[in-house]
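Asks: As a plain string of letters, each chain reads:
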Amino acid sequence: MFDGPEPIYVQIASWIRAQVLSGELGEEEQVMSTTQFATTFRINPATAAKAFSGLVEEGILYKRRGLGMFVAPGARQKLLADHRKRYFEEVLDPALAQAEILDIPVGDIVDHVLGRAPRSGARTVKKEK
Amino acid sequence: MSIPVTLEERGQLARHRSVRAAEKALMGGLLVTSGWFWGTVITTSIIIAAIQGRFGGLEGSTLQYTLGSARWYMFTMGLILAVAVLPLHIAAGGTRRSFVIGLVRTSALVGLLTGLLVAIVVPAERLIWGAIGWDWHFPQGLVPEGSFAVTVAGEALVIATYILAGAMLPAGYQRLGAWGGSLWIVPLVALVVFVDWCMHTGYIFGWEALANPGPGRTLLGLGGGVLAVAVAAFGVDRFYRDMPLRPTLG
Amino acid sequence: MSHYPFGARLDDVAVRYRASWRMTQQGTVTRETGGIALEGATCVFPAGAITGLLGRNGAGKTSMLGLLAGFRRPTAGTVHVGPEGYEQDPWENPAIVSGVQLVRESGDVMNEEKVGATLKQYAAQRPEWDADYAARLLDLFEVDPRKSPAALSRGKRSALGATIGLASRAPLTIFDEVYLGMDAPTRYAFYDELLKDYAEHPRTIILSSHLVEESERLFEHVVVVDRGRVLLAEPADDMRARGTSLTGSAAAVDRLAAGHRVLHRQELGPTVMVTIEGSLTEREEAEAADSGVQAGAVPLQDLFVHLTRTTTQKETER
Chain A
1 MFDGPEPIYV QIASWIRAQV LSGELGEEEQ VMSTTQFATT FRINPATAAK AFSGLVEEGI
61 LYKRRGLGMF VAPGARQKLL ADHRKRYFEE VLDPALAQAE ILDIPVGDIV DHVLGRAPRS
121 GARTVKKEK
Chain B
1 MSIPVTLEER GQLARHRSVR AAEKALMGGL LVTSGWFWGT VITTSIIIAA IQGRFGGLEG
61 STLQYTLGSA RWYMFTMGLI LAVAVLPLHI AAGGTRRSFV IGLVRTSALV GLLTGLLVAI
121 VVPAERLIWG AIGWDWHFPQ GLVPEGSFAV TVAGEALVIA TYILAGAMLP AGYQRLGAWG
181 GSLWIVPLVA LVVFVDWCMH TGYIFGWEAL ANPGPGRTLL GLGGGVLAVA VAAFGVDRFY
241 RDMPLRPTLG
Chain C
1 MSHYPFGARL DDVAVRYRAS WRMTQQGTVT RETGGIALEG ATCVFPAGAI TGLLGRNGAG
61 KTSMLGLLAG FRRPTAGTVH VGPEGYEQDP WENPAIVSGV QLVRESGDVM NEEKVGATLK
121 QYAAQRPEWD ADYAARLLDL FEVDPRKSPA ALSRGKRSAL GATIGLASRA PLTIFDEVYL
181 GMDAPTRYAF YDELLKDYAE HPRTIILSSH LVEESERLFE HVVVVDRGRV LLAEPADDMR
241 ARGTSLTGSA AAVDRLAAGH RVLHRQELGP TVMVTIEGSL TEREEAEAAD SGVQAGAVPL
301 QDLFVHLTRT TTQKETER
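Respectively, the protein sequence lines represent chains A, B and C. Each residue of the first sequence is one higher than the last, beginning at 1 in the working numbering. Each residue of the second sequence is one higher than the last, beginning at 1 in the working numbering. Each residue of the third sequence is one higher than the last, beginning at 1 in the working numbering.
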């Protein structure tokens, strides 16, 4: 767990965001404590705390004194909006840029997305599968 | 509670516990040594007495011969304990100072215990010898034929000096090197010979007749013994108070 | 007793050993060679953090730790240990040394007596000692308290050292290469216990190690020593940010690496992997993405190896 190239606290934050997005962690639900994080994943508790404080700043988590960290109300909506926006920037834009390099007409892409047969002879990703 | 107060309390508590821990650790070793001491003294005394009864030859108390040599056990144990106890004492959060205080106190205590036993065993031997009908005389000590208080005090000073002198030996090697460390035995032996001489005991001077006994001679002897212990305690303190623990220990 | 984690600070510290002789517990006299263990060492071990003290064998780690525990005095410079803002010289200072537990590789134990006797000795002096916890740890590490340390295997002796350090609950607890001889499951059990106990009883912990890989995630702070000098002392994340690995076609990678100090270069057929000092600028990152070069973090272990290797090479070149 958390073996990626980014700093561990970044990976922990992404993991919690993903859990909130998928609904595994509901709003107002308590998040694992830094201690639980530390012992479960064999990391320094300060690393987990750093991830938490970042998420608190983002408004994903909030702290209840003496109780721990909880998922903020509206966190999922916030993440959905954020990830939707980023989907276009980070996923779709590079794919379209690649398509342009490969001379794939926009029409083919639209057809592919809509599940229709390609109008021109250019190969599509779907055919390769 | 503010932090400095706590640190001060911490220091006081630590000082107290550290001295007590050193005493306990050293006492354990020294009580084992005392076992050897008395085991050897009693066994050899019985053997000598048996030979004496069978063949004659030696005269008077057998303890006058055996007590003096058994003292070297104390010297050796002082040496062993200093090497064995100090690293653990420091590693467990003690100071050299508390170790030295513990060592001096324990030496004095073991000295007193030994003195008490000597003051009991010597008259006991006299009674047994009387019962068997043997001639008994004990030419050692500051008072002819022994005095309880003086025997206890004298023996206590002698034993404490032996233990502390032994404890100074390993420090000498670290300070003075292999040759210096070996030569360092000479002043240590001189110190224990001095305390034996002061008390008019020990196997070196034991068989000498007591010359001009009296209160003045007794006081002078005890004073010499106190001086010997003081010198030994000062030496131990000087040697151990800035002794570093090397990264590797055997 | 209320207790505060102890921090530690070294200022321009040197430790030079004179050649000397010493009597061992076996009664033999051996000669110790002299030499420089530390020179101009300045660093901080922050209170309340787990710090990794990294260095190759003989780099000066053990000498540095001996200073913090009051085992020895520096030849030059000053050492301060204590609660934040109240640091004092630990030498012969009962308030400080009673709160510093250094577990040495050699193990300060009564070799010929039962393990229980050694633990009693620590319990008698350590204000924060937890005897129940010590018993639980011996159980966990499968160390028989009725055996003597001399009768234990290397790994079990190390586990005994780990037990002493953890159960001391000392405001500054130091483990000097404590894992030596432990098998992997025991090492991980030790790391888990360390983290659990650290979370429940906050204190300062220093772990000295030259096997960085499996323990690097435990560190909040790192101090790297090499040949008696402090190479760096900083948060572990800062050290991780000191290097970036670039993987891709030789031409593209070399173009990107041109403005940086290259720590390591490895050819994997047509692709190369280069570790550079520092991180890429935003423009370089974009360039890397465009030219198909993958930029990644460098594990502390690799960075440590690179850092200590390059200084070694420089020393020999001089």
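Hint data in this document are derived by calculation from the structure and do not stem from the laboratory. C-beta: ideal position from N, C-alpha, C; glycine also. There's no promise every hint is true.
[Said to hold, decoys possible] Distance windows between CB atoms, simulated:
1. 65/A - 18/C: 53 to 59 Å
2. 3/A - 140/C: 42 to 48 Å
3. 27/A - 200/C: 26 to 32 Å
4. 151/C - 182/B: 48 to 54 Å
5. 255/C - 97/A: 40 to 46 Å
6. 12/B - 76/C: 52 to 58 Å
7. 82/A - 309/C: 41 to 47 Å
[Unchecked claim] DSSO-like, lysine-lysine: derived pairs with alpha carbons at most 27 Å apart:
8. 24/B - 147/C
9. 63/A - 114/C
10. 120/C - 24/B
11. 196/C - 24/B
12. 114/C - 147/C
13. 196/C - 120/C
14. 63/A - 78/A
15. 120/C - 147/C
Asks: Starting from the hint list further up, note which numbers the structure goes against and sort them upward.
Replies: 2, 4, 5, 6, 9, 11
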